[in-house]
Structures are given as C-alpha cells and as structure tokens.
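Visitor: Given next are the chains, with one letter for each unit.
Number of protein chains: 2
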Amino acid sequence: MLGRINHIALAVPDLAAAVERYRSSLGATVSEPQALPEHGVTVVFVQFDNSKVELLEPLGEKSTIAGFLTKNPDGGMHHICYEVTDILAARDHLKGAGARVLGDGNPKIGAHGNPVLFLHPKDFFGTLIELEEVK
Amino acid sequence: MLGRINHIALAVPDLAAAVERYRSSLGATVSEPQALPEHGVTVVFVQFDNSKVELLEPLGEKSTIAGFLTKNPDGGMHHICYEVTDILAARDHLKGAGARVLGDGNPKIGAHGNPVLFLHPKDFFGTLIELEEVK
Chain A
1 MLGRINHIAL
11 AVPDLAAAVE
21 RYRSSLGATV
31 SEPQALPEHG
41 VTVVFVQFDN
51 SKVELLEPLG
61 EKSTIAGFLT
71 KNPDGGMHHI
81 CYEVTDILAA
91 RDHLKGAGAR
101 VLGDGNPKIG
111 AHGNPVLFLH
121 PKDFFGTLIE
131 LEEVK
Chain B
136 MLGRINHIAL
146 AVPDLAAAVE
156 RYRSSLGATV
166 SEPQALPEHG
176 VTVVFVQFDN
186 SKVELLEPLG
196 EKSTIAGFLT
206 KNPDGGMHHI
216 CYEVTDILAA
226 RDHLKGAGAR
236 VLGDGNPKIG
246 AHGNPVLFLH
256 PKDFFGTLIE
266 LEEVK
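Chains A and B supply the protein sequences, listed in that same order.
Quick note on this note's numbering: the first sequence kicks off at 1 and runs consecutively.
Quick note on this note's numbering: the second sequence kicks off at 136 and runs consecutively.
Everything labelled a hint here was simulated from the structure, so no lab data went into it.
Be aware that a few hints might be false.
Said to hold, decoys possible - Mimicking DSS-like on lysine-lysine, the simulated pairs with C-alpha atoms at most 25 angstroms apart in a straight line are: (1) A:Lys108 / A:Lys62; (2) A:Lys71 / B:Lys206; (3) A:Lys62 / A:Lys122; (4) A:Lys108 / A:Lys122; (5) B:Lys270 / B:Lys197; (6) A:Lys95 / A:Lys71; (7) B:Lys230 / B:Lys257; (8) B:Lys270 / A:Lys52; (9) B:Lys257 / A:Lys71; (10) A:Lys52 / B:Lys257; (11) B:Lys257 / B:Lys206; (12) B:Lys270 / B:Lys230; (13) B:Lys187 / A:Lys52; (14) B:Lys243 / B:Lys257; (15) A:Lys108 / A:Lys95; (16) A:Lys122 / B:Lys206; (17) A:Lys135 / A:Lys71; (18) B:Lys243 / A:Lys122; (19) B:Lys270 / B:Lys243; (20) A:Lys108 / A:Lys52; (21) B:Lys230 / B:Lys243; (22) B:Lys257 / A:Lys135; (23) B:Lys243 / B:Lys187; (24) B:Lys270 / B:Lys187.
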C-alpha cells in the first residue's frame with residue numbers, strides 16, 4: 001500500500017540556524033523556506049539522493065508543532081511521510097484496521113500541493129505518520 | 136557529503152506487535168528479525184521503494200535504546216541514518232565543524248556489516264544522526 005518514503009520531518013526551534021548547520025556541517029542541499037500558515041509551520045527541504053528531510057519551524061499562534069517543541073525544546077524527529085497512490089482508499093483501509101486518522105479525517109493540502117493525512121501515533125508505536133497522495 | 140538516507144529507525148517496545156502492524160495495516164514488506172547484541176537491539180527492516188525503516192527492540196541489559204523507551208514507553212522515532220562514502224573523512228569534517236561524535240569516536244560495525252558512527256543530537260537540533268559508510 002505504501003510506496004516511497006516522501007520525507008522525514010524534524011521540528012527545530014530556529015530554522016535559520018538549522019539550515020546553516022545542514023548546509024555547512026553536513027554539506028546538504030537546502031531549499032528556500034516556504035511558509036504554510038494553514039499548517040502553522042515554515043518548512044525547508046533538505047534534499048538527499050533518494051528522499052528528503054523536512055525541517056519545520058513553528059509559524060503563528062496555533063502551530064501544530066508548538067506543543068512538540070515545548071516538550072522537546074532542542075527540537076527532534078516529528079513525523080515520517082509515506083506516499084500512497086489513493087489517499088482515500090488508504091485511509092479507509094487503515095480505519096478498517098483500527099488506525100485513527102487525526103483531525104476530521106479528510107485530507108488537507110500539504111507542502112507539495114498534494115492531499116495529506118496524519119495517523120495517530122498511538123496506533124503506530126509512538127511515530128506520527130503522514131500519508132501523501134502522489135499520483 | 137551525505138548521500139542517501141539509508142534508514143529511519145523507530146524504537147518499539149514490542150517488535151512482534153510492530154511487525155504485525157506494519158505488515159497487516161500498512162501492507163509493508165518486513166525482514167526477519169536480526170539480533171545485534173553488541174548494539175543491544177533486535178532489528179527488523181521495513182522496505183519501501185526508496186529507503187528503509189528500521190524497527191528496534193531492546194536486547195539485553197545494556198540496550199542503547201532502553202533509556203529512550205523509558206522516556207517514550209509507546210516507542211518513537213529514534214534516529215536517521217545517512218550514507219557516506221568515507222566515514223573517517225566525514226567524521227573529521229564534522230568534528231572540525233564542532234559536532235560531537237558519540238562513544239570513543241571510532242566507527243563500529245552496524246546492522247548491514249558496514250562501519251557506523253553516531254553524532255550527538257544536541258548538535259543537530261535534537262535529532263540523533265547515524266552515519267554509515269557505503270562504498
């Protein structure tokens with residue numbers, strides 16, 4: 001059901017400092033920052049040969065990652081995003097298997113302009129899973 | 136300097152239950168369990184089209200992930216592993232950039248039989264980074 005690992009998201013308290021570290025210390029290729037007010041984050045993608053790391057900084061009052069950074073002030077690993085070809089079929093299969101979908105259960109549009117959903121971390125051993133529909 | 140994302144490691148309290156969930160709910164392809172006593176873990180690899188997820192369960196008294204699971208009893212995202220072609224050159228570059236290498240600073244042999252090193256999460260915004268030499 002799952003295809004590629006689209007990205008691994010890391011929450012950071014200071015995006016500019018994280019970008020600088022990934023560029024200079026790790027020699028990585030980093031995208032320009034992209035504000036996603038509806039998700040409450042500013043994102044940057046770090047490109048690797050086979051997948052991406054997404055660095056997330058809180059944006060606005062209702063950021064979805066504010067609570068995570070309160071618990072993990074240094075930052076940390078936030079979620080993993082898998083690609084699916086049909087997000088509604090994947091959602092229905094997972095709900096049938098007892099997994100909970102966060103929010104109202106309907107996909108939103110994510111950082112790549114594709115529909116995305118999040119699954120409850122309690123149903124996947126503490127890991128927050130994002131599904132992204134990529135045709 | 137970094138090439139592919141080799142794997143993303145998730146610590147789980149019950150490997151058999153996690154394997155069952157990744158197989159049945161997510162429809163993923165999962166390897167046989169592999170005991171790595173010198174790392175204090177039993178590992179299973181979940182294969183995706185472009186990379187792998189490594190599920191880790193503690194093994195023995197001195198497991199390196201026991202403390203993590205005490206803090207995160209449900210499990211959670213533990214580390215991310217990047218491939219490098221020359222692990223000693225990568226280590227020396229990173230040390231020069233102020234990053235700390237865990238342990239005695241010398242590579243050990245990891246789950247794939249290749250030399251691996253871990254970098255201090257405080258130097259990478261709370262994310263534990265493994266480097267694996269893949270020629």
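Visitor: Kindly indicate which numbered hints from before are broken by the structure, ordering the numbers from low to high.
Guide: Structure breaks hints 5, 6, 17, 18 and 22.
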